[in-house]
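Student: Sequence:
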Amino acid sequence: MTDTTTPPAAPHHQRPFMVRIKRIARYSLIRLRQWSSRLTLSLPRGLYARSLIIIIAPMVLLQSVVAFVFMERHWQTVTQRLSTAVTRDIAAIIEIVDTYPDDENYLNVITLAREKLALNIAILPPDPLPGPAPKPFFSILDSILSQEITNQIGKPFWIDTVGNSNLVEIRIQLEDKVLRVFAKRSQAYASNTHIFLLWMVATSLVLLFIAILFLRNQIRPIQRLADAADDFGKGRPLPADFRPRGAIEVRRAGLAFIKMRERIEKQIEQRTEMLAGVSHDLRTILTRFKLQLALQVPSKEIDALEKDIADMQSMLEGYMDFAKSEVEEETGEVDLAALIAAFEDEAKIRKHRMKTNIVGRKDIVVRPVAFQRLLENLISNSFRYASRTEIVARNAKGRLTLFIDDNGPGIPEDKREEVFKPFYRLDEARNLDESGTGLGLAIARDIARKHGGNITLDDSTLGGLQVIVDIPV
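Numbering (the working numbering), first residue to last: 1 to 473.
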């Protein structure tokens, strides 16, 4: 028989503790995520800088570990042994002095210490030892030597290890005298550690310099490939000296990019030739229709046919404009103020209120004919459906942003992407292509995207439509 009873719930006094633990865990997780995101933002974004970090960080970590192990094992161990030996010699001298107290001026002991132990000693009157001096913040010699004197000799002492002197002074209080000892610092302290550190740092700098040179040569082909792809996205030709270089993976990426570019250009060329050929053939047939209708007796039916032919002619011109936008054009420097000034003259003829403002440099690098067609398609729509237009151009940080505002009827928000489709006509309050082709905005966005930018629509502060053109220059 199985027990179907539910397990007892946690006591009431334990629930607040469990809730507190969950809150602490949740808070710690949030703080960890925030710290991780801050660390990610603080790290460099470039491949060259990140590669340097990948090289430098392990090197610094390795040298830090080696230096720590050296200081902990070698430096401290050697210093310990040297200090032990010096203290043992001093203890032997004290034993001799205590054994032969009648030695006149202790000349034999002083001579023995100088010649055999390399210690300069002196027997001083029983004056009090100097007061304790402040200990240095970091001194292995001071702590180790003091500990050895305490363990081996066990008498009051005073030592001076501070300063740049090559000598260490030690004073030991005996029964009726004071023993003063001058020892070389190298006898009690491993003083050649700076040579190891100097060699380690110097070797690291040399290796780092060589790594930076090789790394720069490996990163440069990637940067050139990125620049070539960016230029292609902006409609600019490839540099004449561009060819795949560097490691085999970078060469493969460069060759793949060149082949992709050739395929895209070939497809564009084929589509352009097809549109141009179809438009040319249809234009010939329409011309023949016009001649035949001109020989007929005028009537309502003839007028309707002539109107249809005129509409077809307008559509063919739109097709041709669309085909022209596909033709490759070299980039060049254009005066933005001069381009907009031409539309200001047209606005005066139309008695249209127009206001312009250009912020930043007026010289831009674009495809001149294509960019002029882009402005024509956008500003002419504003002239056609509004009585007031404001144009603001901002050229900053390598990007040109155009704001074209008007007080026209605007475009419904749900139709603002539809109007960019080729041959789409808006039959409501604002028909953006009254000529009947529905290609005006499609051509404009296509030109903007070939420059590496885009066109979007929004509500205008004037009550109508705002067209935003954003392209790199």
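By construction, these hints were calculated from the structure, which means they are not laboratory data.
Check the hints yourself; a few may be wrong.
Restraint-style ranges between C-beta atoms, simulated for each label pair [to be verified]:
no. : residue 1 : residue 2 : range
1   : I264      : F68       : 30 to 36 Å
2   : R243      : A276      : 54 to 60 Å
3   : E262      : F68       : 23 to 29 Å
4   : A202      : R180      : 48 to 54 Å
5   : E344      : L275      : 49 to 55 Å
6   : D308      : R251      : 31 to 37 Å
7   : I264      : R31       : 46 to 52 Å
8   : V19       : V392      : 51 to 57 Å
9   : R384      : E249      : 33 to 39 Å
For lysine-lysine, the following PhoX-like pairs were computed, each having C-alpha atoms within a straight-line distance of at most 20 Å [stated by the list, open to error]:
no. : residue 1 : residue 2
10  : K300      : K266
11  : K362      : K397
12  : K290      : K266
13  : K22       : K116
14  : K362      : K351
Built from N, CA and C at the ideal position, the CB exists for glycine as well.
Student: Now, for every hint given, state plainly whether the structure supports it.
Tutor: How the hints compare with the structure:
| no. | hint | verdict |
| --- | --- | --- |
| 1 | I264 / F68: 30 to 36 Å | violated, 57 Å |
| 2 | R243 / A276: 54 to 60 Å | violated, 33 Å |
| 3 | E262 / F68: 23 to 29 Å | violated, 57 Å |
| 4 | A202 / R180: 48 to 54 Å | violated, 41 Å |
| 5 | E344 / L275: 49 to 55 Å | violated, 33 Å |
| 6 | D308 / R251: 31 to 37 Å | violated, 58 Å |
| 7 | I264 / R31: 46 to 52 Å | holds, 48 Å |
| 8 | V19 / V392: 51 to 57 Å | holds, 56 Å |
| 9 | R384 / E249: 33 to 39 Å | violated, 54 Å |
| 10 | K300 / K266 | violated, 47 Å |
| 11 | K362 / K397 | holds, 13 Å |
| 12 | K290 / K266 | violated, 36 Å |
| 13 | K22 / K116 | violated, 72 Å |
| 14 | K362 / K351 | violated, 26 Å |
Hint check: violations occur at hints 1, 2, 3, 4, 5, 6, 9, 10, 12, 13 and 14; the rest are consistent with the structure.
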